[in-house]
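Turn these sequences into a full structure, and let the hints steer you where they fit.
There are 6 protein chains.
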Amino acid sequence: MSIRTRHLEDYVLGEARETFGRTITETDIVVHAGHTGDFFPHHVDAEFAKTLAGGQRIAHGTMVFAIGIGLTASEINPVAFSYGYDKLRFVKPVHIGDTIRSRVSITDVRPDPKRPGFGRVTEHVDIVNQRDETVLVCDHLHLVESKAKPA
Amino acid sequence: MSIRTRHLEDYVLGEARETFGRTITETDIVVHAGHTGDFFPHHVDAEFAKTLAGGQRIAHGTMVFAIGIGLTASEINPVAFSYGYDKLRFVKPVHIGDTIRSRVSITDVRPDPKRPGFGRVTEHVDIVNQRDETVLVCDHLHLVESKAKPA
Amino acid sequence: MSIRTRHLEDYVLGEARETFGRTITETDIVVHAGHTGDFFPHHVDAEFAKTLAGGQRIAHGTMVFAIGIGLTASEINPVAFSYGYDKLRFVKPVHIGDTIRSRVSITDVRPDPKRPGFGRVTEHVDIVNQRDETVLVCDHLHLVESKAKPA
Amino acid sequence: MSIRTRHLEDYVLGEARETFGRTITETDIVVHAGHTGDFFPHHVDAEFAKTLAGGQRIAHGTMVFAIGIGLTASEINPVAFSYGYDKLRFVKPVHIGDTIRSRVSITDVRPDPKRPGFGRVTEHVDIVNQRDETVLVCDHLHLVESKAKPA
Amino acid sequence: MSIRTRHLEDYVLGEARETFGRTITETDIVVHAGHTGDFFPHHVDAEFAKTLAGGQRIAHGTMVFAIGIGLTASEINPVAFSYGYDKLRFVKPVHIGDTIRSRVSITDVRPDPKRPGFGRVTEHVDIVNQRDETVLVCDHLHLVESKAKPA
Amino acid sequence: MSIRTRHLEDYVLGEARETFGRTITETDIVVHAGHTGDFFPHHVDAEFAKTLAGGQRIAHGTMVFAIGIGLTASEINPVAFSYGYDKLRFVKPVHIGDTIRSRVSITDVRPDPKRPGFGRVTEHVDIVNQRDETVLVCDHLHLVESKAKPA
Chain A
1 MSIRTRHLED YVLGEARETF GRTITETDIV VHAGHTGDFF PHHVDAEFAK
51 TLAGGQRIAH GTMVFAIGIG LTASEINPVA FSYGYDKLRF VKPVHIGDTI
101 RSRVSITDVR PDPKRPGFGR VTEHVDIVNQ RDETVLVCDH LHLVESKAKP
151 A
Chain B
1 MSIRTRHLED YVLGEARETF GRTITETDIV VHAGHTGDFF PHHVDAEFAK
51 TLAGGQRIAH GTMVFAIGIG LTASEINPVA FSYGYDKLRF VKPVHIGDTI
101 RSRVSITDVR PDPKRPGFGR VTEHVDIVNQ RDETVLVCDH LHLVESKAKP
151 A
Chain C
1 MSIRTRHLED YVLGEARETF GRTITETDIV VHAGHTGDFF PHHVDAEFAK
51 TLAGGQRIAH GTMVFAIGIG LTASEINPVA FSYGYDKLRF VKPVHIGDTI
101 RSRVSITDVR PDPKRPGFGR VTEHVDIVNQ RDETVLVCDH LHLVESKAKP
151 A
Chain D
1 MSIRTRHLED YVLGEARETF GRTITETDIV VHAGHTGDFF PHHVDAEFAK
51 TLAGGQRIAH GTMVFAIGIG LTASEINPVA FSYGYDKLRF VKPVHIGDTI
101 RSRVSITDVR PDPKRPGFGR VTEHVDIVNQ RDETVLVCDH LHLVESKAKP
151 A
Chain E
1 MSIRTRHLED YVLGEARETF GRTITETDIV VHAGHTGDFF PHHVDAEFAK
51 TLAGGQRIAH GTMVFAIGIG LTASEINPVA FSYGYDKLRF VKPVHIGDTI
101 RSRVSITDVR PDPKRPGFGR VTEHVDIVNQ RDETVLVCDH LHLVESKAKP
151 A
Chain F
1 MSIRTRHLED YVLGEARETF GRTITETDIV VHAGHTGDFF PHHVDAEFAK
51 TLAGGQRIAH GTMVFAIGIG LTASEINPVA FSYGYDKLRF VKPVHIGDTI
101 RSRVSITDVR PDPKRPGFGR VTEHVDIVNQ RDETVLVCDH LHLVESKAKP
151 A
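Chains as they are written, first to last, in the working numbering: chain A, 1 to 151; chain B, 1 to 151; chain C, 1 to 151; chain D, 1 to 151; chain E, 1 to 151; chain F, 1 to 151.
Think of the hints as simulated: they come from the structure by calculation, not from any bench.
Errors might be hidden in some of the hints.
Copies of the same chain look alike in the list, so a pair counts if it works inside one copy or between any two.
No more than 35 Å apart at the CA atoms, straight line, and that leaves these computed lysine-lysine pairs for DSBU-like [said to hold, decoys possible]:
1) K87 x K50
2) K147 x K114
3) K147 x K87
4) K147 x K92
5) K92 x K50
6) K147 x K50
7) K149 x K92
8) K149 x K87
9) K114 x K149
10) K114 x K87
11) K114 x K92
12) K50 x K149
Written as structure tokens, this is what we have:
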């Protein structure tokens, strides 16, 4: 974790990075069930899960999202803040023992028409497993200060 | 948690429900930081947080989302599955001691043009605090089997 | 979780329900040891556990009880409250990977001689594993308001 | 934690001990809710809890029991094992910040008529708070080997 | 856990004890990563860990230390307190499934030249695995009251 | 977290850095007690803690150490590894609500006389609270590859 001040003008379209990996464990699923109260049998009942497509428990979508985004949280930009996500999609299930990492690329940088002195930066996040298969995608939306002060 | 089979035709536009409440505690924030690896000082450094707008630590956006969605996970529909979220927005910060609940309403029900025999149901989720202020919104997307079998 | 108001007169002897299942994981045992401070080697020392009958670590009895009862906590009855348990017995050990579920049946409904306007309802709880073997039983005791107001 | 071999004949009626204390924290309640899946608003919704008698969240009964019993788990007796509990009663609510300790006394020692070479020892457990008020009681049942071998 | 008052004069050079064992689980590693914020891939990325000497994830050194010392925390001496550690060394890696125990021996007892009425007691701690291999060593330093009051 | 290859020759005596801060919460203490099994009343019994010097529960020394070191774990050096600690001292108690950060400085860099091609780097770690008071110090020891290959 480090601090790096980046204004709107400092973001470069297409700029990309990849995070470290993290193995999704049975512990993570048990912790997430307890953290969110979602004890659906798809996540916590190994017997029931034998009837699912993959034949085993699957990670909560909200967990793959939260951990995958957590992996990207390595740099604090004091002139930006995250205001939401678009097009969050669960592409493939994540099972116990899968190792995920996140690929982030800047896909949109534009002034904010309604907020002079600010712009919007979109980071596309592609969470992949150890076979390089995409398991979740989303667009992470940031409001960023512009160097150009409003008139 | 209960099982309730609902086909596409069973979803009624405008149908709404509200979940139980849950108080967001310091424990939840510490657990979420450890669960996701996001130890940004906005969440875990009370001294730093004194410099923020609200003067105190704020809950992770991914946590408000995961817990708020967890609150809605009360009914298993065997002929539906969640495939993603749209327009997830962090509207207001959540602080330690705030109590959130989720309001869910059906805002869209339509056949899936690409997948005969299936349709798409959108649930709008409005997570509110104890002052009835919206803190997070999103559209929860479901793929649901239709009673009408494809020709 | 839902709210369902049931007075003493609404309970029917013999009425039964079965909960969803939950797989008891190594995580649950580690969490329970840390939650209760019970680090007996039967639960947390895999080498020692090789000398036990089943040859492996066993779940804490208090945990099988707490999780098995937690599984039954799906309905809030505002005119009832739980005041205790009788005849709690550990019938069979639970090992890592076993999946438990709880079967609940109403075995006693009677007016409370000492508290006019109230009665006592006994739920027999039978916690079973994936082989349908009973692992724990207990009688869950409730004090419930009667519709008949005391004279 | 230590090992102390005690046969049936070594248990003395009336023998008593008191455990160390432990403060019940908000963390314990959040952990127990997540561990058991019991998110009843009495435990996790501070707003709802304002409407309760004490005006605040109350600890789960199963948690007070599990932690109170955990406090007593200081000595391993290789010739005894716990087989259940009787007359478990929730006497008073436990709130966040209360400090509990357990008082244990031997209230019954008798040969087991059905299992020659074994006897039954009952420990009465009285869990008290910092005001010395009993919050939970139960009888802890043990099967203990006798020195006298069966004929 | 018990209380045992031991003054400086009560410590005997060479006196030794061995703790109970505890199996280090995947859960412990996930919990420690989240507790400390250390998500180095050596601990949490099973794919990366295949490239390490042992071919698998290794326990955090700080965790082996904290749990190994925790195992020794069985006796409270009201006239002593721990003030530090010397020569803490990671001797061998600990993997998931290894069972550790701690061997403690008194290796130094001496008056404290600067603090009349107090002395220093060194406990050498040797944390071993299930193959009796030392995995971590350290010297645990205590300040202990002397029976001999300062002149 | 990032990767930065630094050989022995790249370490500069006196080079210093300071980490982000982290508030030590009641949750951390409860988690650490459960993680290590150390439930000494100094840490988990608020009533007993009133009799201590500071009048309140104190954080476990092993926790302040593990979290303080965790804060420094921001950079992976593939040609170095941590082999231990020296002169670990608990200087001041840490209480619930204190915010700690770690100051690290290179205090020794030298070839390893016994292992040609390697050297030893000592990082002095000074963990401070929000009042800039040192609460814990230690010397973190690393074995680092030299650019100069052994003859």
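Do the hints match the structure? See the list:
1. K87 x K50: Both: 30 Å inside a copy, 34 Å across copies.
2. K147 x K114: Only inside one copy: K147 and K114 sit 16 Å apart there, 45 Å across copies, limit 35 Å.
3. K147 x K87: both (29 Å within a copy, 28 Å between copies)
4. K147 x K92: The answer is between: 26 Å across copies meets 35 Å, while 40 Å in one copy does not.
5. K92 x K50: Intra 17 Å, inter 24 Å, cutoff 35 Å: intra and inter.
6. K147 x K50: between (55 Å within a copy, 26 Å between copies)
7. K149 x K92: Only across copies: K149 and K92 sit 26 Å apart there, 44 Å inside one copy, limit 35 Å.
8. K149 x K87: Result: close both inside a copy and across copies, 31 Å intra and 29 Å inter.
9. K114 x K149: Classified as within; 14 Å inside a copy, 47 Å across copies.
10. K114 x K87: both (22 Å within a copy, 18 Å between copies)
11. K114 x K92: between (37 Å within a copy, 19 Å between copies)
12. K50 x K149: Answer is between: at 27 Å across copies they meet the 35 Å cutoff, but 59 Å inside does not.
In summary, this structure violates none of the numbered hints.
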